[in-house]
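Chemist: Chain residues, written in single-letter form:
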Amino acid sequence: MACYVAIRHLPGITPEVLTGAGLRAKSCADEMTEEGIPVRWLRSFFIPETEQTHCYFEAPSSDAVKELNERANIPFSEIHEVQELVPEAV
Amino acid sequence: MMEDPVSIAIRAAIKRAKRRKSPKVTRDDLLVGLFQVIARFDIVQIGPLTIDLEELGEPLKDDTGKTNKQKVAYSSDTVAVFERAAHIARKDNSSKVELVHLLVAFAYEDSGLMAQLKKKYGISGMEWRSALSKWQPVSLEKTEPSSKIGAGNKSTMEFKEKQFFSPDEAAEFLDIHTQTIRGYIRTGKLPALRLAGERALRIQREDLLALLEPYEPEEK
Chain P
1 MACYVAIRHL
11 PGITPEVLTG
21 AGLRAKSCAD
31 EMTEEGIPVR
41 WLRSFFIPET
51 EQTHCYFEAP
61 SSDAVKELNE
71 RANIPFSEIH
81 EVQELVPEAV
Chain W
1 MMEDPVSIAI
11 RAAIKRAKRR
21 KSPKVTRDDL
31 LVGLFQVIAR
41 FDIVQIGPLT
51 IDLEELGEPL
61 KDDTGKTNKQ
71 KVAYSSDTVA
81 VFERAAHIAR
91 KDNSSKVELV
101 HLLVAFAYED
111 SGLMAQLKKK
121 YGISGMEWRS
131 ALSKWQPVSL
141 EKTEPSSKIG
151 AGNKSTMEFK
161 EKQFFSPDEA
171 AEFLDIHTQT
181 IRGYIRTGKL
191 PALRLAGERA
201 LRIQREDLLA
211 LLEPYEPEEK
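Residue numbers (my numbering), protein chains in the order written: chain P, 1 to 90; chain W, 1 to 220.
The set of hints was computed from the structure by calculation and includes no laboratory data. Only true hints are included.
Computed cross-link-like contacts, DSS-like style, restricted to lysine-lysine with a CA-CA straight-line distance of at most 30 Å: (1) W/K91 - W/K118; (2) P/K26 - W/K24; (3) W/K119 - W/K134; (4) P/K66 - W/K24; (5) W/K24 - W/K119; (6) P/K26 - W/K134; (7) W/K21 - W/K69; (8) W/K71 - P/K26; (9) W/K21 - W/K119; (10) W/K21 - P/K26; (11) W/K96 - P/K26; (12) W/K91 - W/K119; (13) W/K134 - W/K160; (14) W/K71 - P/K66.
With the hints as constraints, model all of the structure from the sequences given.
Modeler: What follows is the structure, given as structure tokens:
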């Protein structure tokens, strides 16, 4: 399964907004998986300096990630496939 | 691994939106999803309030086995409820949003189902919050954290106060194997209840005690 990042620019975002978005993303991932589109929210990073949030998903396609974010009502500016690199692999 | 009650409630909300054939998961869907998770026998008991889901036309629906692929998205109003619940959780010094935080978030709602409930039961948002401040969910949070396999033996006191047991706890209580308990449930020898919206079983203390009968020695 490929890994994707959804990049969001969310100026003035609060921890509450992030928590609420997380709950919605989790439930939509579960629902889509039950529907036969296996999507998993892996983790998110918030960059305070740029007010950007990078959310990583495991999914069969970028369309699936797009759909998840639309269902969860979480705005995003870009979705890209990413190559994972971990210390153990180098 | 068992899903946490908040996830179950939110999924129940999505299922309700799908049943309504609505493209949006509304605040009412979320409130009903929460109620379905905390209800027993379609009754929600929060402090002095007794809410009958059947009367509301919202008895627990069994969606198992049916996959509805309709795409539904959270409405902006529902998003606001999530954010309010997260704010309440933070004020409550909780690292996670719990069922009670989501329920309290509805205290500020003055439209939809919550408005109907406020009118029907003659309660204000403050009274709703007050009832929830003393609320203990029946047999959900109370049992889950310590009921995981491998959590170790329960103290006598813990079992003494318990009214509902998971199959593992019931087995530990009677000092028999979990499979024996499950066998008794399967064959109808031991009545069991299903937690609303999930697969988990609970057994009542009195039903466990009813399994015990006096030993009659063969030779008197």
